Structure formats: structure tokens, C-alpha cells
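Chemist: Below are the chains, spelled out letter by letter.
Protein chains: 2
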Amino acid sequence: MKTDIQIAQECKLKRIEEIAKKLNLKDEDYEVYGKYKAKIELSLLDKLKNKPDGKLILVTAITPTPAGEGKSTVTIGLTQGLNKIGKKTIAALREPSLGPVFGIKGGACGGGYSQIVPMEDINLHFNGDFHAIGSAHNLIAACIDNHIKQGNKLNVDINKIVFKRAVDMNDRALRNIIIGLGGSQNGIPRESSFQITVSSEIMAILCLSTSLMDLKKRIGNIIFAYDKNDNPLKVKDLKIEGSACALLKDAIKPNLVQTLENTPVIVHGGPFANIAHGCNSILATKMALKLSDYTITEAGFAADLGAEKFLDIKCRLSNLKLNCIVLVATIRALKHHGSAKNISKEDLKALQKGFENLDKHIENMQKYNIPIIVAINKFSSDTEKEINLIKEHCNSLNVEIALCEAWEYGGNGAKDLSKKVVNIIENKKTNYKPLYKLNLPVKEKIEIICKEIYGAGKITFTEKASKTIKKIENLGYGNLPICMSKTQKSISDNPSLLGAPKNYTLNIDEIKLASGAGFIIAMAGGIIDMPGLPKIPVACNIDIDKNGKISGLF
Amino acid sequence: MKTDIQIAQECKLKRIEEIAKKLNLKDEDYEVYGKYKAKIELSLLDKLKNKPDGKLILVTAITPTPAGEGKSTVTIGLTQGLNKIGKKTIAALREPSLGPVFGIKGGACGGGYSQIVPMEDINLHFNGDFHAIGSAHNLIAACIDNHIKQGNKLNVDINKIVFKRAVDMNDRALRNIIIGLGGSQNGIPRESSFQITVSSEIMAILCLSTSLMDLKKRIGNIIFAYDKNDNPLKVKDLKIEGSACALLKDAIKPNLVQTLENTPVIVHGGPFANIAHGCNSILATKMALKLSDYTITEAGFAADLGAEKFLDIKCRLSNLKLNCIVLVATIRALKHHGSAKNISKEDLKALQKGFENLDKHIENMQKYNIPIIVAINKFSSDTEKEINLIKEHCNSLNVEIALCEAWEYGGNGAKDLSKKVVNIIENKKTNYKPLYKLNLPVKEKIEIICKEIYGAGKITFTEKASKTIKKIENLGYGNLPICMSKTQKSISDNPSLLGAPKNYTLNIDEIKLASGAGFIIAMAGGIIDMPGLPKIPVACNIDIDKNGKISGLF
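Protein chains in written order, with numbering that gives the first Met the number 0: chain A, 0 to 553; chain B, 0 to 553.
No false leads were mixed into what you were given.
No copy is singled out in the list; a pair is fine if it fits within one copy or between any two copies.
Straight-line C-alpha distance at most 20 angstroms; calculated SDA-like pairs for lysine to any residue:
| hint | residue 1 | residue 2 |
| --- | --- | --- |
| 1 | Lys238 | Val537 |
| 2 | Lys436 | Arg315 |
| 3 | Lys427 | Ile372 |
| 4 | Lys25 | Arg14 |
| 5 | Lys216 | Gly551 |
| 6 | Lys390 | Ile372 |
| 7 | Lys34 | Ala19 |
| 8 | Lys34 | Glu17 |
| 9 | Lys50 | Lys320 |
| 10 | Lys469 | Pro440 |
| 11 | Lys87 | Leu22 |
None of these hints come from the bench; they were simulated from the model. Please read these numbers as outputs of a predicted model, since none were measured by experiment.
Model the full assembly from the supplied sequences, consistent with the hints where possible.
Modeler: Written out as C-alpha cells, the structure reads:
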């Protein structure tokens, strides 16, 4: 069997100018980065502001398991499928992080015959966007410590610095560090930390900004520390938001690439969904909506994390109108949720039991009043009986379902799903409402998410979390939406609970304010913002030959 | 008066395809990165291997002072000037580091009417080369700590890890840190450090590699630590040289840009000259030699640092044949070396005294048997008497001299210099010999550089340095060239000594082995590989407007 990278390398890519031409982009609308990548100018949004938006489809998934659900594969397959049935369709996706690329999970370009290409470039530096974000982040960090060393005019309390440093690498040794050692010429000793770039507030800001000036303003509004009187100190107090924004002048432009079937894809931004808000940039989504009749987008991990934040943060902030939710599941993963011993063998009982995970996500999504379809990412081990069982189950719930064989057959394997999605959009109404109102107290907003979406019975807060909430509300930031940070392995905050846990107690450890991005981060279950590498990282299997051909990347 | 960035922004740039066309590059020979930048494929070197090389000119300078010498301005001006007088000329230059760009020194694109453009892009991320180097570096670093945490099969002695982490930022708080705190799930606590990316061994390797496979081999050969029996451990023992090289697959390709006068420039790699070897990549220089009749290249800081390493490391390793050395000086800087009170006022006595710095650099360069010309970068404060004095002085030494007004007039201001350089190359012979033989003992090689070039009387070594030298020789690396790490502010190791210090004692603090790059680093005078930011960093003055126009960058 061919590996993903082999399939990708056999693809006959079209020059990116050809892809741009399909979208009617003019020479001034984009800049080419190598033969197969481009950046689209933000001015395009102005030019097209009177053009009506296309339809927006969100691809999300059930709770991930080691078996894998293939959400990106379905997303890309659906994009290819819709184009196959004659619908002008663009996917708006997140960029991969080097952390998982070299760690365990691998890249984020889909799989089989549903991939975006050039996958090597997208999985590695991809036009430098994350590096630019890391640079802007670390410029701010360096200026904070420098400010303190140079006299500390702002009266920064070194025990109340909330801005870390960032690196796009899984490097657990940098989670807890002491910096500034070696005497006064080397700064002031203090505890600090590195976070992975994708969890940086700069990443969230880039993804939520609507223009270059909005980006600059938001960066200026980041609270990096509190002074000795506990007043917030912002990046604009350091006068470096201009520099940070200058570093992001190209990174803010969405990237254009293509699928294996040469259909256009916009890939831009990439906050993790378990520790950040998990959606590609608003600018990318808006651009795709202007350039297509159908825009497919994705939210990281399962619907409890990615879709909730997509709906309650991204859609609310940017007035996006979502037309359809595609919920990806696999029979193997559902059997895993139903505690099957061997997910490769037919096990109707485990499958039936595993439905509770699917059902909870369906129930959650229905709270937003958006029509939904379940997409079964088909594996060769799936039996007819299993497929029939899940079809019957969805029918009984009055929820649409389609098989997707995009991994094996590309767009042709997603034609049925594509037709059903079109049918839903043409015939079903949406009546989007967010899960919670912004003007509720912070604790109440968190409780609504945890109870309604995660099924928790009781929510507790550490004393530290409660104190921070009070502080945030006193500072006037109480009206911001919530960005939950929680394990992706369970709907609950306990990674070992499969299915649809209920009536458990969920504990909020820590609260963080992202005043530039404009949300409040609620952390449950000790989620870390810096992953580690496994015993044998993917990095040990990647190689490159004398012709520059890369192997081992997936 | 217009600022450099204003002049650069008024320039009518040509599309990079047009610049490539001038060089007869075919579509397959390069990839475009935005409208005004490209990367040249390494395969071009193969295609042109039978074409004779052009002539090679090195621009170097007297010891820098706060007054500035304008070496890059002269380099670019000379490139423009040679093109003006009908010589097909390319400059091969180093890329700027974000450290000085946001710190004190600013960028590295020349000045006035002798600049390379787009200066904003070149000074900021420039096709991501340094970010790729940083990523490859930090992947190795993360894998080292991960290896130890995962069982330490290689028996790494955590007190003998010599590989640091890297960031392209002036961040002194990261000079001395403790990492891996917070319990065993966060790694093993140990002392560590970040260095600025430009000082990374990966940077040196990229600049000294002759192919992608040479790059991979050299990365694999980096000694990152010693085991508990004091045996060297190499990156290839971690099996990640393939991944690190994959990260550098585009960074190894030289970048094509243009001068303000639309002549081609290749910019690639950028090790600092005071802490690293200070030359652009060998691949860039070789490419420029194949594509031009005259190639101008530059070596960082003064001739004692940049030129010595250019000649003894780069030329020796890559068999480059240097045809002419241009030694840049300013009358203001020479007066500073002569202890003038006010360098803006005529001061013939101070100028005369300052000649000793110029003379020492001339004497040094003459040891390599390459013809030399002094280029006076003219300032408006220079008087006729001062100019005559320096002309007479050079005449008395039988050394060519030319005034250069490239800052004010671009290539037209460098015509005289250009003609004289052509005349030298056409009429004078070169007979290059390196300063020292590689098979001498390490201490002897260091002593030759310090005595012959720096004018030191006596060389001392710390006990630690002596021990390391012995270790290096025992490991079989004694035959490598020396990469001196020393202050740029004086020919000596004492930054406060102006002119041409003599008969002083120079102390070597520390010795490092760069087994991948292939040199031995000898550190004198407490040189640090991570600069700090000043009280008001340049970063505080940089801004960007809604059209993406940057100001304050220089």
C-alpha cells in the first residue's frame, strides 16, 4: 500500500497561477511562493465585498481515539467531491504545527487520495506563517525582560508576568524553566516557560483579526503582566505592537494551495483545539466564502472542542453563517467507544454501545440549530451489518448519514456525501444561536459549556481560578467568550472516560485572560501548552534524498 | 533627508522574473517567492559546472567605530558601479538577523542609494531561511532532552551537553537558564542556554555545505554531547539528521533579489563575524561566480575578523580564488581611531594617527598575496585636506585608493572605485596562501592568527581551553581551521583599544569544536553568543500602516 507522501508525490500538481486563475484572481490579488503556493492579498476582500458569500460547511468529529477518524481526509474528500459534482468549492483549513509533525500525530494534510499538496511544504514551514508568529511572540517576550533589566519604568511585578516564550516544537524540557541567571548583566532571574507556538495568543489573534490594523490593535491589547499595584500592563505600553505587526505582514495573508484533484484550498492559521480555539483564520474563511459557492472548513479535534469554539467564538465574532455541520465518525472508533476488544472485527454490540458518543455530539450540535449530517469514514474492516446498524441508528434519530470513501477514491468516494450536503443546504433552514450569552457571569458561561456540551453534573473551580475570574470581571473583561482548554480524548475532562460521560464533576484548574484575542481561557484537567516527544519521534523516520525528495513524513 | 527605508520604498523594483532573465535563468532554475524574491535551484551549479568562474572581490573594512564605515553600502554601491561601467556583476551577501534588526544595529541592506530591495522583506523573515535553521537546531535540542528522559540509551552525560537551543532574537534572559524543572514528566533538570540563531552550528554548516547531502552529512556529524565515558555523541546517533536536513531543503537554496538599480544580488546565510565565521554561503558565492563576470562578496565586521575567516576558512574549504580585496574606511572613523574629539571637524592630526588602524589591516591583507584597494566611503564632513592626506598616505604605501560616493549617488558614485577594481584585476596577480597550515597544532594555529593579524605579543589559554584543545586533538579533529570569536570593536581582544594595539597579551577563554561545520572556535574576551537589547530597542520605532507600509526599519 502506498503511503500518503508517496501518493502526494505522484500527484501532478498544477502551477498555483492556474489554481488562482480558476478563482478569477488577478495578478495583483496574490503573490506566488514557489511553484505551488501563493499568498492572497487582503485587498481582495475589499474588492469582493459586495459579492454574496457562498455556503459554509463545518466538518467536525466524534471524540478521537487511537483508531483515528480521518476528519481532515473527509474534509478534503468532501471538497474534492463537491467539485466533482459541479459545485465550486474551496476548503479553508488550518496549517500544521511542527510539534505533531515531528512528534506522534504527524502532519495535517489529509490522507490517501484526499490530501492537500505540496504536503511536504505545508507540513514543514509553509510560507513561514508560524515562524512569523513565533518571532512576534518572542520579540514581545525579549522586550519584557529587557524592560525590567533597563530600569522597569512600568513597575512590572516579575511574579505576575503572564506572557511566556514560544517555540514550534514539542519540547517538554522548556515547560518549567528559570531564566535570567548568571548575574545582573544577564537580566533578572525568574521562573518562566515556553509554550508551543500554536497555543500563543498571537496565533489566536492572527486567526481572529479582520485586518492588519485590527491585528496591530489586538497585539497592543495583550496583557503581558501586572504591575506591583496589580494593574494590567499591555504590549502597547512597551511600544512594540508596530514591530510585532510588521513581523506578521505576510503571515496575515491566507495561503492558497490545491487538493490532489487540483481544486483550490486556502490554508491559514492553526491554533490547537485542545489548548486554543482550534479554527483557521477568519480572513481565510471569509475569503473562501467570497471565492466559492461552497466553503468547507474544519475545527480541531471533536465537536465538543473544535465545533463549540467555532460556533461560540469564531462565528459569533465574525458573523459567519454556518449552513451545515458534517460530523465525522468511523465504525472502528465507535466500537472503541463501546469498549470493543478488537475494533478490526465485527462487533455490533460494541458499536451499538459506542453510539452514545456519536449521539452526544449530535445532540450538542443540534443546540445550535444548524442542520447536521453524519459522515462515516469507511474502512475495509467495516462490515455490511455494522454499516446498516449505524444507518438505522441515524435514521431513528432523523439525522442524515452518508458513507465516505474519500481516502481510497478521492472526490469520487465522497460524491454521495457531497450530494447529501448540497441537498441539506438547499432544503433545510438554519437558525444559528450561540450556546451562551456573552453578558452572563464568567462562571455561568463556563458552567453552560461544561454541562450542556460536556455532560458534566457539577463544576468546581480552584481557588486560583475563582480569583482570576473575579479579577477579569473587575477589569471589565467579563463579557468575553470562553475558550475551553480540555483533553480531546474524552467529552469530559478525564481522558480515560469513553462514550458519553454524565453527571461527573468537572474541575476548572486555571483561568487565563487573552485580552488581545478577546476570550477567556478556562483550563480543565491539567492541559499543557507544550507537548512532549514520544520515545521514538516521527522525526527519527523522516529523511531526504539528494534530489530533495522527502520520505517518512505523514 | 530621506531615510533608507523611504529611498527603498520609492525604488521602482523589477519583477524578479526579469532579474532572473538577465542572468539567463530558465523557469526550472528558480522559484519565485513573492514578486521580488526568488530561490535559485542548486541544480543550476551542475548545469553551469563547465562555465568558467567570474572574478571574485571581497569587501572588508577597518575596525568599526560608532561612526560607522558603511561597508555594505560600499559593497552594494560597487556592485551597482561595476554594472554601470558595463561589467556583469553580482553581489553575494549575507542575510540579516532579527537580533540587530530589532536591537541597535538595524538591518543589513546597505544605505542611501546603495541598497538591496525589498529591504523590509530581506530584513525581516527573508524566505524563512533563519527560521528553518532555528527549527532544525531546536529539533535537535528537543530530541537530546527527550532522549535522556526516555531512558538515555546513549548514556549522555547531562553535564557535557554542548548543544544549546537557538532563537533569532536578542534575548539576554535566555543566556543562562535551567530547564527541565517541574518533576520527571517534564524532563531532567539541567543548566542550559539559548544562542542567537546566526551563531548556531547549523548556520555555519548551511554556509559551508556544497550540496544537500553534504549538509545532511555535516548535521549528522555535529557533536552534541559526550557520554559518561567522555566519548563524543553525534546528531546521527539520534537519527534525526534526515529530519533536520528536510527542514533545510529550501533554506539551502540561495536567494535572488536586486539592488536599487535593478542589478542582481544573491543573499544567502548569515553567520555573525564576531561569534561565527561571518561569510555568506559557499553555494551563493559559487553561483554568483558562475552567473557573472564580477562577484562582490562581503565578510562581516573588520578585516581582522571577517576577511581572515573568509580567507582561511571559506576560501580554503571551497577553493575560491580571490582576485581583489576592497578595504573600506571612512575619514570619520579613522579620526575616531586617532582619538579625535569631534570627528565631524577637520582634524589632520587625529586622521594621521588613525592611519595605524588602516595600515594594520592593509598589512594583514597583504599577507594573503591578494591585491588590495582602499575605498573611502565619503561623508559630507570630509575636507579636501583630509582626503588629500589619506590619498598621499596610501600612495606612500603603494596601495590603491578610491573615493566612494555610493551612499549619495548609487552606482554613479562608485564608478571610480569600480574602474580601479577592474584595473587591478586585469593587471595585478594574485598568489593566495592561507595564513596558517592546517596540520599545525591547534594552539600554534591560534597563536599565528593572534600574533600576525591581531598584533598580540603573547597568547595565554585558560586551563579549560587548554584541556579542550587536547581533547579535540585526541579525538582527531586537530587539523580543522580556526574560527576566532572576538570583539569587533578592536583589532585586539579588548574593545577599548583603538588603532593598532601591539605587544599585548591575548587570552583564549574557551574552545569549542564545531565538528559538523568543520572548524574549531577559539573564544577571546568573553564574547557572548546571545546579544541583549538596548534601553530603547529599534523595535520601539518600527511601525506598519494599513497598507502594509513599514516605517522605522533601517
